[in-house]
Amino acid sequence: MSRIPQAFIDELLARTDIVELVGSRVTLKKQGREYAACCPFHAEKTPSFYVTPQKQFYHCFGCGAHGTAISFLMEYDNMDFVEAVEELARRAGMEVPRESGPGRGDSEGFQRLIAAQEAAATHFTDNLRRHPEAVDYLKQRGLTGEIARDFRLGFAPNLRDDLLRTLGKTFKEQELLDAGLATQRDGGPPYDRFRGRIMFPIRDSRGRVVGFGARLLGPGEPKYLNTPETPVFHKGQQLYGLYEARKASPRLEELLVVEGYMDVIALAQFGLRNAVATLGTATTRDHLERLFRVVPHLVFCFDGDRAGREAAWRALEQTLPVMRDGRQVRFLFLPEGEDPDTLVRREGLEGLRARMGQARPLSDVLIDELRQRHDAGTREGRAALGTQATRLIRDMPDGLLRAQIINELAQLASVSTDQFERGLAPREADPPPAPSPSHRPTPANRRQRLEITPVRLALSILLDQPTLARELGDMDWLQDLQAPGVKILVQVLETLAQNPNLTTAGLLERWRDSETGRHLLKLAQWQPPPSQEESVPTLLRDALGRLRGQYTEQRTEALLAKASRSALSEDEKAELKALLTRKSR
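If you're matching positions, the sequence shown starts at 1 in my numbering and goes up one per residue.
Please keep in mind that the hints were generated in silico from the structure rather than gathered at the bench. Quick caveat: nothing in here was measured; it's all calculated off a predicted structure. Keep in mind that the hints are not guaranteed to be accurate.
Quick list of the computed label-pair ranges, beta carbon to beta carbon [stated by the list, open to error]:
id: 1; residue 1: R90; residue 2: A574; range: 51 to 61 Å
id: 2; residue 1: R541; residue 2: N501; range: 13 to 23 Å
id: 3; residue 1: W477; residue 2: P361; range: 48 to 58 Å
id: 4; residue 1: P222; residue 2: E253; range: 47 to 57 Å
id: 5; residue 1: D395; residue 2: A574; range: 45 to 55 Å
id: 6; residue 1: E471; residue 2: E253; range: 43 to 53 Å
id: 7; residue 1: G218; residue 2: R512; range: 30 to 40 Å
id: 8; residue 1: A567; residue 2: R422; range: 46 to 56 Å
By construction, the Cβ of each residue, glycine as well, lies at the ideal position given by its N, Cα and C atoms.
Please construct the entire structure, taking both the sequences and the accompanying hints into account.
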């Protein structure tokens with residue numbers, strides 16, 4: 001898959017005015033060197049959302065949302081990364097270039113695979129009109145021609161090479177194999193992968209067909225078949241119907257997650273256009289992250305039998321690690337023998353909506369299921385309940401919901417909240433936010449602040465004013481300092497040395513979706529109080545001076561230890577003498 005060159009992203013962010021971008025969607029009011037508003041990502045009455053033009057960065061001190069202009073479009077307009085970059089480029093009058101990613105083929109090859117999928121979708125749609133048996137099947141399932149058109153339903157006749165012969169005029173056999181449209185056995189001649197099946201095109205966020213789901217029209221196995229993993233199709237990330245749902249309502253608030261293609265289509269026909277389905281797989285973390293980029297609320301729909309509850313439990317396990325405050329997940333269990341398709345036809349849209357309104361919150365399902373799995377009437381049962389509970393919520397993000405769940409689970413396990421929390425395995429601590437101006441509100445769920453170390457202070461200042469890196473001179477010694485966070489500081493300094501005009505936003509985008517990036521985003525919230533703005537260069541020099549002092553101590557100890565074991569070289573003796581002289585000063 002082709003990727004967007006980093007140099008282009010740097011230039012794009014340098015040309016983007018984040019105040020203008022955010023201000024086109026949110027009413028901003030100038031406060032000092034920042035702009036404030038009520039946060040667009042959670043409900044509040046007092047502004048806690050700030051945009052800093054100097055950094056081209058936004059942050060909400062209420063819900064924790066933060067990022068660059070790219071992040072804002074991804075969160076506010078429900079775009080993916082590429083869509084956000086393309087929108088900013090459109091606003092700036094720039095053309096988005098592409099370059100090959102390592103080991104992922106060139107851009108032309110990627111586009112050819114997309115073109116093959118689109119051509120196949122058109123061919124399958126044309127086939128549907130020519131095969132009355134396929135049309136009759138869809139009519140028996142209660143689908144109209146309009147809904148079949150909206151979802152581009154098609155048909156693959158039960159022929160060995162129908163698609164190969166049609167697309168072979170434009171595409172090579174290997175391209176059709178790479179696209180998952182053809183297959184072969186033991187090096188034999190290729191043949192159509194999909195035969196005798198109703199075809200369900202799967203579209204990406206830009207509406208391009210990237211793969212297919214297929215249902216066998218007659219008897220046989222497997223009843224359902226998907227496109228295999230290809231450079232353009234990843235089953236564990238794709239969601240059927242998501243493109244159609246976003247097209248029907250760009251400002252979605254909630255999505256209903258169902259199990260089958262026909263469920264999505266039947267619900268859309270009855271007017272519920274916000275249903276999506278996984279592609280025959282259990283819900284994954286990738287699915288959830290993609291869904292939460294689109295909406296804050298999800299409703300999972302499962303059968304009410306034991307298998308449905310087990311599927312719900314697996315979905316719950318995947319959901320807990322991404323359940324930060326502001327997100328809501330509920331579970332709808334249907335009567336035995338019903339699915340969304342049959343239920344909406346029997347009870348109508350209003351009946352289904354009423355059931356959705358009674359869907360159970362994730363926290364209730366979690367606690368009730370733990371009660372059923374363990375005998376809370378015995379000490380052993382309560383201990384087992386507590387053990388499983390701590391495993392489940394260990395990676396759940398900090399926040400009010402997590403705190404409430406912990407309180408209730410501690411009661412179930414008959415231990416104090418402190419005892420329960422001590423049972424949680426230690427997690428790697430995030431670096432604390434650096435000090436912020438006193439006029440900003442402090443969220444109730446913020447962790448207790450740790451000491452601001454010289455490394456964190458230096459990083460915070462460089463993120464606030466990246467141009468200060470030009471004045472630092474030789475920093476090679478820093479690479480040999482053993483201290484937490486030094487590697488990140490070295491990386492930032494190296495990046496700024498190679499890109500002296502890089503903005504804060506451009507710097508942050510270098511580490512998007514990485515642990516380092518999450519640390520830097522937290523530190524980017526810092527800015528000096530107005531009374532100290534002029535002394536920021538001095539603060540940076542002081543922080544680096546303290547780090548240089550730590551390096552001097554470490555290097556001196558290392559040379560003295562070596563001298564006690566063996567003779568030092570002349571260079572090492574001179575270095576030790578200089579270090580001791582520096583320490584004495």
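Checking against the hints above, which ones are violated?
4 and 7
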